[in-house]
Amino acid sequence: MNMIYFFAWFIFSFIVLSIIGLLVWWIDRKITARVQWRVGPPWYQNFADFIKLTGKEVLIPEGSNKFIFVFAPILSVIASTICGSIILFVLMNSFGFGGDLILFVYLLTIPSLSIILGGSASGNILASVGISRELKLLLSYELPFICGIIIPALKANSTTSLIEILKFQQINGSNILSFSGIIGFVIILIASIGKLGLVPFDLSEAETEIAGGSLIEYSGILLGFYKLSKAILFVVVPLFIVILYLGGTQITGFGSFLIFVLKYLIVVILITLIRNTNPRLRIDQALKFFWGWLTLIGIIGILITLMEF
Amino acid sequence: MNLKLKALKKSLWVYHVSAGSCNNCDIEILDLLTPRFDVERFGIILAASPRHADVLLCTGIVNKKCVERVKEVYEQTPKPCVVVAVGSCACSGGIFRDGYQMAGPLDKIIPVHVYIPGCPPKPEAIIAGIVKFLKELK
Numbered sequence: 001m002n003m004i005y006f007f008a009w010f011i012f013s014f015i016v017l018s019i020i021g022l023l024v025w026w027i028d029r030k031i032t033a034r035v036q037w038r039v040g041p042p043w044y045q046n047f048a049d050f051i052k053l054t055g056k057e058v059l060i061p062e063g064s065n066k067f068i069f070v071f072a073p074i075l076s077v078i079a080s081t082i083c084g085s086i087i088l089f090v091l092m093n094s095f096g097f098g099g100d101l102i103l104f105v106y107l108l109t110i111p112s113l114s115i116i117l118g119g120s121a122s123g124n125i126l127a128s129v130g131i132s133r134e135l136k137l138l139l140s141y142e143l144p145f146i147c148g149i150i151i152p153a154l155k156a157n158s159t160t161s162l163i164e165i166l167k168f169q170q171i172n173g174s175n176i177l178s179f180s181g182i183i184g185f186v187i188i189l190i191a192s193i194g195k196l197g198l199v200p201f202d203l204s205e206a207e208t209e210i211a212g213g214s215l216i217e218y219s220g221i222l223l224g225f226y227k228l229s230k231a232i233l234f235v236v237v238p239l240f241i242v243i244l245y246l247g248g249t250q251i252t253g254f255g256s257f258l259i260f261v262l263k264y265l266i267v268v269i270l271i272t273l274i275r276n277t278n279p280r281l282r283i284d285q286a287l288k289f290f291w292g293w294l295t296l297i298g299i300i301g302i303l304i305t306l307m308e309f
Numbered sequence: 001m002n003l004k005l006k007a008l009k010k011s012l013w014v015y016h017v018s019a020g021s022c023n024n025c026d027i028e029i030l031d032l033l034t035p036r037f038d039v040e041r042f043g044i045i046l047a048a049s050p051r052h053a054d055v056l057l058c059t060g061i062v063n064k065k066c067v068e069r070v071k072e073v074y075e076q077t078p079k080p081c082v083v084v085a086v087g088s089c090a091c092s093g094g095i096f097r098d099g100y101q102m103a104g105p106l107d108k109i110i111p112v113h114v115y116i117p118g119c120p121p122k123p124e125a126i127i128a129g130i131v132k133f134l135k136e137l138k
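Line by line, the protein sequences are chains A and B.
The first sequence lines up with residues 1 to 309 when you count with the working numbering.
The second sequence lines up with residues 1 to 138 when you count with the working numbering.
Hints were generated in silico from the structure; no laboratory data involved.
It is possible that some hints are incorrect.
BS3-like, lysine-lysine: derived pairs with alpha carbons at most 27 Å apart [as the list claims (entries may be wrong)]:
1) B:K65 with A:K30
2) B:K65 with A:K230
3) B:K6 with A:K227
4) B:K65 with A:K227
5) A:K30 with B:K4
6) B:K9 with A:K30
7) B:K65 with B:K79
8) A:K30 with A:K230
Listed next, the stretches of chain A that the computed footprint assigns to chain B, with coverage defined by at least 3 CB atoms under 8 Å from CB atoms of chain B [stated by the list, open to error]:
9) 27-40
10) 57-64
11) 211-225
Where a beta carbon is used, it is the ideal one built from N, C-alpha and C, also for glycine.
Please model the complete structure; the sequences and the hints are all you need to start from.
Now the structure itself:
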């Protein structure tokens, strides 16, 4: 009975997350267009893209590992949906279990890993350049990302449960209102741009240098799965930041729901504006930035948290 | 009307094939993608790889070196795809039609759906040609 319940929850969150994700991705594209003084695409653009990709031919290159090539995009969608279903569970049912924070961080690396798997299975030279960059980027942004997670976990009496962090903030006010909270918010915001693979850190898909990078050989519905998992991550990662730093909210009525949506949109718009006003970094610059400054600031933030500011 | 065809008409991803052109048409295509003309409002964006593309924008006479490459790019593009010949050279050979390197206008090599003449065609002309084609497409 429990299994069926969880499976139904998985399907439900898949549908909800993909619809919201494709809509939010449109907001991102529209803001990008307005920043560049353009009109921008209509609201159904991402739905049209996805439906079109389902109707295209799927080409599997010769000399590729066919099983991994087909399996990796599906894995990516499944992992990002499980992340999202945990988040939705925490937000809607106010239910969680000890250690779901750690599980969440583990699951969040799987979409990046599946890009690496799929790219290396395709047997393309440009894809191998892309996956080597993605691997280095994964190693570099994980460290500040975890620094940004440790700060709210320490604040909420060293817990590893998302729901405890939410409850702590409902009693003591949002984490961002303290000095260490601001540091942690900035760090996790920048690291999550790396996680989403957006412009300052989109080296693995750099279209102008390595022609789509790790996704170069993908076509049709398999490419659509990657786009879908990216759209789902566009919901999941900002919601994660909202839960950790902006206090989530207990959704009790229409007003609190509106405030919650507003918080989420503020995080999305911040990410979009950062991506629109910055050029792409080289991989060594990105590595130095993440492991140098950002981790240093993160460790200082953890120390400040331990001193209870 | 078919939903997938409708979606295809709303989201064309373009791959730019330069088959021995003099770069004039390529510059006009670059202009097409700037904020001034903003083709993203029709859902048209530039794809990095032919595997992602729905439209092949081909420029230039297809010279003898390029024949194999153009065929290969066409085979690498997942079907259904649209081939657009941009410029007089790709349509008919233009002033290079008697050249020693000429391997034929584009439609000798691969099937072509849209012809946009001009030397080079203005970005407005390219947009008008593609929009006319989309209206005809059923």
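Tested hints:
no.: 1; hint: B:K65 with A:K30; verdict: violated, 42 Å
no.: 2; hint: B:K65 with A:K230; verdict: violated, 39 Å
no.: 3; hint: B:K6 with A:K227; verdict: holds, 19 Å
no.: 4; hint: B:K65 with A:K227; verdict: violated, 36 Å
no.: 5; hint: A:K30 with B:K4; verdict: holds, 24 Å
no.: 6; hint: B:K9 with A:K30; verdict: holds, 20 Å
no.: 7; hint: B:K65 with B:K79; verdict: holds, 25 Å
no.: 8; hint: A:K30 with A:K230; verdict: holds, 17 Å
no.: 9; hint: 27-40; verdict: holds (count 7)
no.: 10; hint: 57-64; verdict: holds (count 3)
no.: 11; hint: 211-225; verdict: holds (count 9)
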